[in-house]
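Chains as they are written, first to last, in the numbering used here: chain C, 1338 to 1653; chain G, 1338 to 1653.
The set of hints was computed from the structure by calculation and includes no laboratory data.
Each hint should be verified, as a subset may be incorrect.
[To be verified] Below 30 Å or equal to it, Euclidean Cα-Cα: the simulated DSS-like pairs (lysine-lysine) are:
hint : chain 1 : residue 1 : chain 2 : residue 2
1    : G       : K1531     : C       : K1601
2    : C       : K1647     : G       : K1633
3    : G       : K1531     : G       : K1625
4    : C       : K1444     : C       : K1426
5    : G       : K1445     : C       : K1647
6    : G       : K1426     : G       : K1353
7    : C       : K1647     : G       : K1444
8    : G       : K1647     : C       : K1563
9    : C       : K1445     : G       : K1647
10   : C       : K1601     : G       : K1647
11   : C       : K1601     : G       : K1601
12   : G       : K1633     : C       : K1353
13   : C       : K1633     : G       : K1563
14   : C       : K1601     : G       : K1445
15   : C       : K1528     : C       : K1626
16   : C       : K1531     : C       : K1563
17   : G       : K1531     : C       : K1563
18   : G       : K1626     : C       : K1601
19   : C       : K1601     : G       : K1625
20   : G       : K1426     : C       : K1444
21   : C       : K1445     : G       : K1625
22   : C       : K1426     : G       : K1445
23   : G       : K1601     : C       : K1426
24   : G       : K1647     : C       : K1647
25   : G       : K1601     : C       : K1633
26   : C       : K1625     : G       : K1531
27   : G       : K1426     : C       : K1445
28   : G       : K1647     : C       : K1444
29   : C       : K1444     : C       : K1633
30   : C       : K1647     : G       : K1563
31   : C       : K1531     : C       : K1625
There are 2 protein chains.
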Amino acid sequence: MTVTLAHIQRAAERIKPYAHRTPVMTNESLNERVGARVYLKCENLQKVGAFKFRGACNAVYSLSDDEAKHGVCTHSSGNHAQALALAAKMRGIPAHIVMPNNAPQVKKDAVAGYGGRITFCEPTLEARENTLERIRLNTGANVVHPYNDERVIAGQGTASLELLADSPDLDAIIAPVGGGGLLSGTSIAAKGLKPGIRVLGAEPEMADDAQRSLKEGRIVPSVNPKTIADGLLTSLGSLTFPILQQNVEQIVAVSEQGIVDAMKFIWERAKIVIEPSSAVAVAVLWEKKIDLSGLKVGVILSGGNVDLGKLPWGGK
Amino acid sequence: MTVTLAHIQRAAERIKPYAHRTPVMTNESLNERVGARVYLKCENLQKVGAFKFRGACNAVYSLSDDEAKHGVCTHSSGNHAQALALAAKMRGIPAHIVMPNNAPQVKKDAVAGYGGRITFCEPTLEARENTLERIRLNTGANVVHPYNDERVIAGQGTASLELLADSPDLDAIIAPVGGGGLLSGTSIAAKGLKPGIRVLGAEPEMADDAQRSLKEGRIVPSVNPKTIADGLLTSLGSLTFPILQQNVEQIVAVSEQGIVDAMKFIWERAKIVIEPSSAVAVAVLWEKKIDLSGLKVGVILSGGNVDLGKLPWGGK
Chain C
1338 MTVTLAHIQR AAERIKPYAH RTPVMTNESL NERVGARVYL KCENLQKVGA FKFRGACNAV
1398 YSLSDDEAKH GVCTHSSGNH AQALALAAKM RGIPAHIVMP NNAPQVKKDA VAGYGGRITF
1458 CEPTLEAREN TLERIRLNTG ANVVHPYNDE RVIAGQGTAS LELLADSPDL DAIIAPVGGG
1518 GLLSGTSIAA KGLKPGIRVL GAEPEMADDA QRSLKEGRIV PSVNPKTIAD GLLTSLGSLT
1578 FPILQQNVEQ IVAVSEQGIV DAMKFIWERA KIVIEPSSAV AVAVLWEKKI DLSGLKVGVI
1638 LSGGNVDLGK LPWGGK
Chain G
1338 MTVTLAHIQR AAERIKPYAH RTPVMTNESL NERVGARVYL KCENLQKVGA FKFRGACNAV
1398 YSLSDDEAKH GVCTHSSGNH AQALALAAKM RGIPAHIVMP NNAPQVKKDA VAGYGGRITF
1458 CEPTLEAREN TLERIRLNTG ANVVHPYNDE RVIAGQGTAS LELLADSPDL DAIIAPVGGG
1518 GLLSGTSIAA KGLKPGIRVL GAEPEMADDA QRSLKEGRIV PSVNPKTIAD GLLTSLGSLT
1578 FPILQQNVEQ IVAVSEQGIV DAMKFIWERA KIVIEPSSAV AVAVLWEKKI DLSGLKVGVI
1638 LSGGNVDLGK LPWGGK
């Protein structure tokens, strides 16, 4: 199986009763500043504050009743963990979440708040994978990977189905890329509906493994990335890499300053709270690293989960 | 003339081509926290980031062409100044704005950015009124008071027309009160459409002049109020006071801590940027100073203009 437009359309039907159809916002100040007409798909207003709910919800509701009764499991300390916990809670099944024992308290609380059953482990990839495997064997829970999972990719693509239904004449669409689940789903939906549309990925210069992967024709791992965009630290997966190779025109890398400036501008002018990973996609326009002047450009604002006590601009 | 529902309905038609029809948002976490079903009317997403654009726009477009050619004028250093400047710019007429010479640079820049012609004066009420009167005599500009003006009151009421069109079965509606323009318009619209609806005002305990005015049956001036809600420092006006006496069930005063907590909760959970004055209305529910449990409550989020460098919670 490879993910197709039809999968994304079925995912959209499947998650419709549970996920928000998020609004598309426009902002004249932003348009003037970047010289394009920008359509912001507000996944920061999605359930759990991030697009991740779409993929997790599609995975949970794709299970047969027999499969579902054993629950789902994943390892994640981020938005995917919260998303999977909430989707499982909605279906009334357990969600087992493996988290590193050094995860911030606020993230532990969030997952627990959605009813996730947390198992802590040492903060290494090996420990996380071993712990997850043990839980899978003990419970029979279905593993839902944060991005390297076809059900998840199809779910993430539903944001662009909605965006293109609301704004059908977009010339280009930009999504941030970490593991590549969102950008994969975005590209399949967008190219499927509109073959001529330009699909661009956005990532921090400080975590430019996706850009290098596409250039080198192999998955270049992300090694110790240091960026404010903490949702984009992961490497591409075996499923997402070939999808991006096929569909994505270019991965554009943006500076840390560009991310912060774009984020602050959106807060100040559009009056919405976006997280740094969302701002990465806006920063492609902000820094004008690629010529999109005069075009209609969709931007997926991936989420709005930030620690208000640690903002990347001067405090009081 | 006194302002009626019909005036507000005409104002709505008049400003329709220029103002945003703002969304109404709901948030499950907020509902759970306050024990009511809350409908947030997002005037933070209005042009210039505040409901003030509605009143200013209605005033500007109420003028005949003959009147309009002399422009408009006001004294204000807040959202009304920006709103009037933008509305005048849209109509292609001058806006003369009197501002105290100690106004923050960011506010001067904002007014100038919308094309307002600024005249600075000493930061006293007498100097502001004298300067405004001189400008009026010299230019023939029409004075548009920030709240004690029937055109402005009618314009502000249009937010509630939209809110009740989108959510017709509200039991109550809460708006913040400073000079009383928003609450006056809100109350006339709401009571006009739905006589049984409860209309509540919200103000800071540290600036509770409206509450005291209604209790004492006379306009009690606001004297040196110290509150984070800097949009609510003014006293009621001769037009707004009797409207509130007639329509408003109660003015509820909230604590500074309640304002900050409600504001932070809305940013964190609803992912929208609201200013402290907006949070005052949310805080009525937050602090449960009045029993609204189980009811459907509309809340006018008055605006979203904040200095991101001076947030009222711990910095990084």
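Hints, one by one, checked against the model:
no.	hint	result
1	G:K1531 <-> C:K1601	violated, 41 Å
2	C:K1647 <-> G:K1633	violated, 35 Å
3	G:K1531 <-> G:K1625	holds, 24 Å
4	C:K1444 <-> C:K1426	holds, 17 Å
5	G:K1445 <-> C:K1647	holds, 29 Å
6	G:K1426 <-> G:K1353	holds, 16 Å
7	C:K1647 <-> G:K1444	holds, 26 Å
8	G:K1647 <-> C:K1563	holds, 27 Å
9	C:K1445 <-> G:K1647	holds, 29 Å
10	C:K1601 <-> G:K1647	holds, 13 Å
11	C:K1601 <-> G:K1601	holds, 17 Å
12	G:K1633 <-> C:K1353	holds, 25 Å
13	C:K1633 <-> G:K1563	violated, 46 Å
14	C:K1601 <-> G:K1445	holds, 20 Å
15	C:K1528 <-> C:K1626	holds, 23 Å
16	C:K1531 <-> C:K1563	violated, 36 Å
17	G:K1531 <-> C:K1563	violated, 56 Å
18	G:K1626 <-> C:K1601	violated, 35 Å
19	C:K1601 <-> G:K1625	violated, 33 Å
20	G:K1426 <-> C:K1444	violated, 47 Å
21	C:K1445 <-> G:K1625	holds, 29 Å
22	C:K1426 <-> G:K1445	violated, 50 Å
23	G:K1601 <-> C:K1426	holds, 26 Å
24	G:K1647 <-> C:K1647	holds, 13 Å
25	G:K1601 <-> C:K1633	violated, 34 Å
26	C:K1625 <-> G:K1531	violated, 51 Å
27	G:K1426 <-> C:K1445	violated, 50 Å
28	G:K1647 <-> C:K1444	holds, 26 Å
29	C:K1444 <-> C:K1633	violated, 36 Å
30	C:K1647 <-> G:K1563	holds, 27 Å
31	C:K1531 <-> C:K1625	holds, 24 Å
The structure is inconsistent with the numbered hints 1, 2, 13, 16, 17, 18, 19, 20, 22, 25, 26, 27 and 29, although it conforms to all the rest.
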